[in-house]
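**Q** Sequence:
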Amino acid sequence: MDLPIIYHPDYIAPLPEGHRFPMSKFRQLYELLLADGVANQEQFHTPERPPLELIELVHTPSYVQAYCEGTLDAKAQRRIGLPWSPALANRTCVAVGGTILTAKLALSQGLACNTAGGTHHAFPNYGSGFCIFNDLAIACRVLQKLGLVQKILIVDLDVHQGDGTAFIFQDDDSVFTFSMHCEVNFPGTKQNSDLDVPLPVGMEDDAYLQTLANYLSDLLSKVKPDLVFYDAGVDPHIGDRLGKLALTDAGIFRREMQVLSTCMSSGYPVACVIGGGYADDMKSLVWRHSLLHRAASEVYHQYKL
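Numbering (the UniProt record's numbering), first residue to last: 1 to 305.
Since the hints were made in silico from the structure, they are not lab data. Nothing here was measured: the structure is a model prediction, and the numbers come from that model. Cβ atoms here follow ideal geometry from the backbone N, Cα and C, with glycine treated the same way. Treat the hints with caution; some may be incorrect.
To be verified - Ranges of calculated distance between the beta carbons of each label pair, as one might list FRET restraints:
id, residue 1, residue 2, range
1, S284, T71, 37 to 45 angstroms
2, Q150, S62, 24 to 32 angstroms
3, Y303, P16, 24 to 32 angstroms
Please model the complete structure; the sequences and the hints are all you need to start from.
**A** Given below as structure tokens:
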């Protein structure tokens, strides 16, 4: 068996010329994994668009309906930062389906990686920061509803705090939220995760990885989750336009190996999403995102899953 990777052609939706969200990275990531032999065609699993009632396990029906039908008001659209289209509404739902499938495959295979996901700024009744529906939160609720898991740990290493996820689970002991992020960065108003680790601007590889090591093993022992969701944002990279931290490519790869090895060696299944990453050089950005799948492939075979 090879590492399960989740991709759908609808992970791409058209955006206006010059829009700063790097939409094309999702297809380019899929193409790079194939071109470099990181994955073969048989490893890819295609998600289905979930029924709206699953999205409504987290989001209010009025918000879900308004977004899917394109009737959200202009102010709410601006807060999301992506212009509405039927294709984008479909893409949003399909990506949620991708994270749900990633989680199910992680439970059955031990480890699985989406090629999208990590929309952690979405709140129950509004979207924010390029995030429309919170795929991590929805997947948690779906798995719990199906009786597949009880306790979940979310490890969010995107450079921005996972504020929407923190808010959604703030009064819920069944989902533990851990966010390690740049302190002086979006969102301006932070929520309370179960564990927040704010980092100083300019932090480099070794200090970052040591900080992570100080928390992760202990967290696993304390939470004992049935599943770990890993949001592997690459925006802590020194070349990221929105990041403010200073990790290198090698640091990102070491981070992925560290997270996955720490979880797998203790027997915890991991569902990975790619999170944020913003750069003018699309080729470099896609390479950074592929480091997750490269590390996951290595760890998957190392533990003979």
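**Q** Any hints from earlier that this structure breaks? Give me their numbers in increasing order, please.
**A** Number 3 only.
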